[in-house]
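Asks: Each chain, letter by letter, is given below.
2 protein chains.
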Amino acid sequence: MEYCAGKTFRYDHASVQTYASVVGKAENEGPYGGGFDEVIDDNKGGADTWEQAESLFQKKAVGHVLQKARLSPDKIDLIFAGDLLNQCVSSSYGLKDYYIPFLGIYGACSTFAEGLLLAAAMVNAGYADRAIAVTSSHFSSAERQFRFPLNYGGIRPPTAQWTATASGAVLVSETGKPPFIRAATAGKIEDMGVNDQNNMGAAMAGAAYDTLKRHFTHMGSHPQDYDLIITGDLGLVGSDLLHDLFARDGIAIESRHKDCGLMLFDRSTQDVHAGGSGCGCSASMMCGHFLKRIESGELKRVLFCATGALMSTTVIQQGGTIPGIAHAVELTSY
Amino acid sequence: MEYCAGKTFRYDHASVQTYASVVGKAENEGPYGGGFDEVIDDNKGGADTWEQAESLFQKKAVGHVLQKARLSPDKIDLIFAGDLLNQCVSSSYGLKDYYIPFLGIYGACSTFAEGLLLAAAMVNAGYADRAIAVTSSHFSSAERQFRFPLNYGGIRPPTAQWTATASGAVLVSETGKPPFIRAATAGKIEDMGVNDQNNMGAAMAGAAYDTLKRHFTHMGSHPQDYDLIITGDLGLVGSDLLHDLFARDGIAIESRHKDCGLMLFDRSTQDVHAGGSGCGCSASMMCGHFLKRIESGELKRVLFCATGALMSTTVIQQGGTIPGIAHAVELTSY
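Quick mapping for you: the protein sequence lines, in order, are chains W and P. This note's numbering numbers the first residue of the first sequence as 1 and each following residue consecutively. This note's numbering numbers the first residue of the second sequence as 1 and each following residue consecutively.
Among the hints, erroneous ones may be present.
Any copy, or any two copies together, can satisfy a pair, since identical chains are not distinguished.
Each computed DSSO-like pair below joins lysine-lysine, with the alpha-carbon atoms no more than 27 Å apart [as the list claims (entries may be wrong)]: (1) K213 x K25; (2) K44 x K75; (3) K177 x K7; (4) K68 x K44; (5) K300 x K44; (6) K7 x K25.
To be clear, the hints were calculated from the coordinates, so they are not data collected in a lab. Treat the numbers as computed from the prediction; the structure is a model and nothing was measured.
With these hints in hand, go ahead and build the complete structure from the sequences.
Replies: The following block contains the structure:
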């Protein structure tokens with residue numbers, strides 16, 4: 001079969017107008033604590049269930065974005081949202097009271113980049129004046145859905161990652177100011193044959209490699225042209241694999257590469273094994289840390305590549321593998 | 001809170017180039033049998049599990065679309081896909097071998113309209129030359145995920161709908177020929193307080209009403225301006241509710257309204273209670289019946305409004321409600 005190059009979309013009229021993040025206790029105790037807009041210390045915020053708590057994180061992240069932009073929800077034309085829960089319920093229940101036209105997306109932990117890509121595309125093409133992209137994850141709702149009930153106390157292997165309890169939201173519009181969203185490349189589904197739901201990083205590394213390579217080719221750019229190449233949540237295992245894959249092409253990507261999964265928590269003091277994961281991991285690192293630095297010009301050109309493991313417990317139980325996907329979004333301060 | 005009108009997107013450069021549908025045995029025994037591209041008589045097609053079978057339906061639908069267009073997968077810039085299964089696995093596993101840039105979407109049974117809306121937007125704006133939208137559903141995989149294991153033999157109440165075993169796919173590009181995709185309106189999440197997972201129609205009717213009304217307002221059109229207003233799978237209960245909601249505005253929509261859920265099966269001879277449902281229901285009716293008639297000019301102006309019940313068993317078990325959503329896409333022969 002012929003190799004499908006796809007396209008990299010170019011944007012001239014899309015900026016991140018405002019951004020916000022809401023995180024749980026452990027996330028705020030990590031190296032980037034203090035940079036988030038709101039911390040929900042008991043990870044529940046008065047909700048009755050973990051699912052409702054995750055919805056609350058998403059609702060609050062969008063609330064902060066609107067407040068910062070001094071806009072009421074009726075001024076937003078479109079919202080792209082998705083999450084890890086079955087039927088993306090954190091999004092639908094978290095956002096229904098805003099009553100904003102809603103397009104649900106699913107890309108596992110790549111969801112934040114998919115939302116950014118689509119929100120920027122719709123604003124850049126003039127379909128929407130203002131579009132929001134938002135996502136979330138929650139350790140407790142994810143763990144019980146994908147692995148074991150929390151009370152079971154299952155042992156986590158070293159390759160396991162820790163699902164972030166966090167949400168991040170951005171409002172995209174044409175402000176003429178940074179952070180500018182300049183380009184985006186949609187990922188393909190890559191199946192590396194991994195079938196261990198405690199080794200997500202390995203399942204996603206190939207997808208990140210493919211998307212990044214295509215993005216560089218289409219943009220005529222090289223990893224060294226970027227201040228940073230930020231992956232979503234490859235963690236320790238996946239990051240090493242990504243470096244190896246680029247090394248085969250003679251490219252040393254390590255010096256420019258940061259992984260949100262290796263940043264959100266302090267792996268030496270926090271018991272997160274191979275790093276953080278979940279849609280909220282890269283969303284909160286982007287909205288709580290990186291976007292500020294692009295806005296200020298400290299970072300001039302950044303490639304954000306969120307990675308997702310398209311894992312299903314049903315398929316795993318049937319002996320299937322975990323395909324990965326990754327979407328890339330290029331942001332600049334100029 | 002201020003009422004959010006949202007926007008209706010207009011398209012001048014988007015047509016359905018080819019379309020295809022693959023259905024199961026019961027669907028082909030319904031009133032529109034014989035119009036589908038392929039029938040998988042045992043609903044399984046050699047797959048080991050129902051989930052794999054559903055993936056196969058989707059893979060085949062895309063295969064037919066490519067074959068009709070005489071294109072190899074590498075000529076497709078983008079594919080929008082989603083389905084009812086947790087983590088949308090019919091889509092990811094069904095499509096991964098095509099290796100086409102993939103954007104996952106989730107809108108429950110409204111997914112086909114969401115895919116059409118986004119594929120047309122991306123082609124119309126010039127981001128993609130060719131984009132596919134595809135979705136599927138399968139009675140056996142849906143029933144065991146959302147309700148009871150098949151072997152349990154649960155009794156279905158009269159309001160229950162029958163999930164279609166079917167897939168539909170369209171290839172969108174600028175052909176300059178009908179069916180033209182002219183406009184689309186993204187829906188909002190509407191929660192009517194329904195908490196009965198055997199009464200999806202009632203959960204979705206309010207969303208359909210809201211989206212259709214906004215579409216008419218933005219287009220300056222009236223239900224009588226359309227040859228048909230086609231809803232996805234409101235079924236008997238939801239269709240009656242939709243008629244009632246419009247009747248309150250003094251609009252008799254019945255004469256123009258058709259519901260795919262009431263068309264796919266023959267309710268007098270097939271035991272489907274309140275009608276068909278599932279992402280594949282409206283997708284197969286559109287691709288197996290309506291698009292041909294728009295292409296030929298027999299139908300000149302059609303408004304397709306697929307409806308989704310954003311139901312989650314977890315949330316239902318926690319005492320939550322089932323919010324609905326509906327997206328509208330306007331198609332013309334001229």
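Asks: Please go over all the hints and tell whether each is borne out by the structure.
Replies: Each hint, compared with the structure:
no. : hint       : in the structure
1   : K213 x K25 : neither (36 Å within a copy, 44 Å between copies)
2   : K44 x K75  : neither (29 Å within a copy, 47 Å between copies)
3   : K177 x K7  : both (26 Å within a copy, 24 Å between copies)
4   : K68 x K44  : within (24 Å within a copy, 52 Å between copies)
5   : K300 x K44 : neither (37 Å within a copy, 53 Å between copies)
6   : K7 x K25   : neither (40 Å within a copy, 39 Å between copies)
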